[in-house]
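Chains A and B supply the protein sequences, listed in that same order.
In terms of our numbering, the first sequence opens at residue -10 and continues consecutively.
In terms of our numbering, the second sequence opens at residue 145 and continues consecutively.
Simulated from the structure, these hints should not be mistaken for laboratory data.
Please note: incorrect hints may appear among the correct ones.
[To be verified] Label-pair restraints from in silico Cβ distances: (1) A/60 / B/178: 48 to 56 Å; (2) B/248 / A/6: 16 to 24 Å; (3) A/6 / B/251: 18 to 26 Å; (4) B/181 / A/85: 40 to 48 Å; (5) A/45 / B/163: 48 to 56 Å; (6) B/162 / A/79: 37 to 45 Å; (7) B/218 / A/-8: 24 to 32 Å; (8) B/178 / A/51: 46 to 54 Å; (9) A/41 / B/251: 51 to 59 Å.
Quick caveat: nothing in here was measured; it's all calculated off a predicted structure.
A virtual CB, placed ideally from N, CA and C, is assigned to each residue, including glycine.
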Amino acid sequence: MIDPRGLLEVANELAKLDSTKPRQAALRRAVSTAYYALFHALIQAALIEHIHADPASPVAHQAARWFEHGKMRKVCEEILRWADAKPPPPRPAADAPAEAHKKWEHQRDTQPRLLRSLGGAGERPSPELRRVAECFVSLYGARMQADYDPAFRLARDTARAHVGTARIGFEQLAASAKDPTRKLFLLLLLTSTDLVPGK
Amino acid sequence: MAWYRPRMAAPTDSFVTLDDVREALEDVRKQFEATGQSIRFLDPVLGVDATGERTLGVLAVVKDELARTPGAAELMLDILDGVRHAFDEHGLAVWPSVSIIGESDVAALDEEPSP
Chain A
-10 MIDPRGLLEV
0 ANELAKLDST
10 KPRQAALRRA
20 VSTAYYALFH
30 ALIQAALIEH
40 IHADPASPVA
50 HQAARWFEHG
60 KMRKVCEEIL
70 RWADAKPPPP
80 RPAADAPAEA
90 HKKWEHQRDT
100 QPRLLRSLGG
110 AGERPSPELR
120 RVAECFVSLY
130 GARMQADYDP
140 AFRLARDTAR
150 AHVGTARIGF
160 EQLAASAKDP
170 TRKLFLLLLL
180 TSTDLVPGK
Chain B
145 MAWYRPRMAA
155 PTDSFVTLDD
165 VREALEDVRK
175 QFEATGQSIR
185 FLDPVLGVDA
195 TGERTLGVLA
205 VVKDELARTP
215 GAAELMLDIL
225 DGVRHAFDEH
235 GLAVWPSVSI
245 IGESDVAALD
255 EEPSP
């Protein structure tokens, strides 16, 4: 079993290495490890809630491989769009000018797909869940740079801030336990939003 | 900045230009400075990642004492939020990656040769 909290601790230690002149390699690994800590924390939460699997079981080990980084990021982006979207405007009266109907249709069609699909007046992600999504998106970008961009250079403060982001993600994931949209979020992390109608 | 270059050329079909980015960042800077915090942004970098998604790398420079607190992560997320909303207001869609750095570390990084 991959221990997300263990990864977070290692990320923190890597970011603190070499007190006078930190090595770029250590800072890069700190950022990458911080991302993986939150990545695995989300996967474990999804497995527990939807497969009811002990994270240490062989079933969980296999199912954990079904999650994809890019799709998880897109789900988090959709969650942010959903959380931040303005409430849909009321539909114009039947005898309203055609332009008002067109404008309303445009607004409807450009709403976030989760908002459209789940009903405009329904639940929204809680601030805690929104923060989890935000942490993941932030760390995803940082990890791409840390792992793949040879020109990317990190300061220790930056690396520590990214580790801090992962820690916030852990805390907010725990704090979102009562959010009614949390189960959907965790389900979508596996299925992706591709199955949700709309663009 | 020599230490932070685009890893790929900016996409030619992008509907987000560097001018758009600078304008959005200026909005964020004004909002932050209105709260009494000092912030500046280094050269933003537009690019595409390995999956073809547009990317935006933003480096925010703040005072050392702010960058070195545990609250730096919260600040980074707030900046990310601010940048994203600024883009929304301009009708632009891009997903930024924000890093935060203290003033004194900017100079330190510049002194080091790129790997």
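Handout entry: Violated hints - listed by number, lowest first
Key = Violated hint (a single one): 1; every other hint is consistent with the structure.
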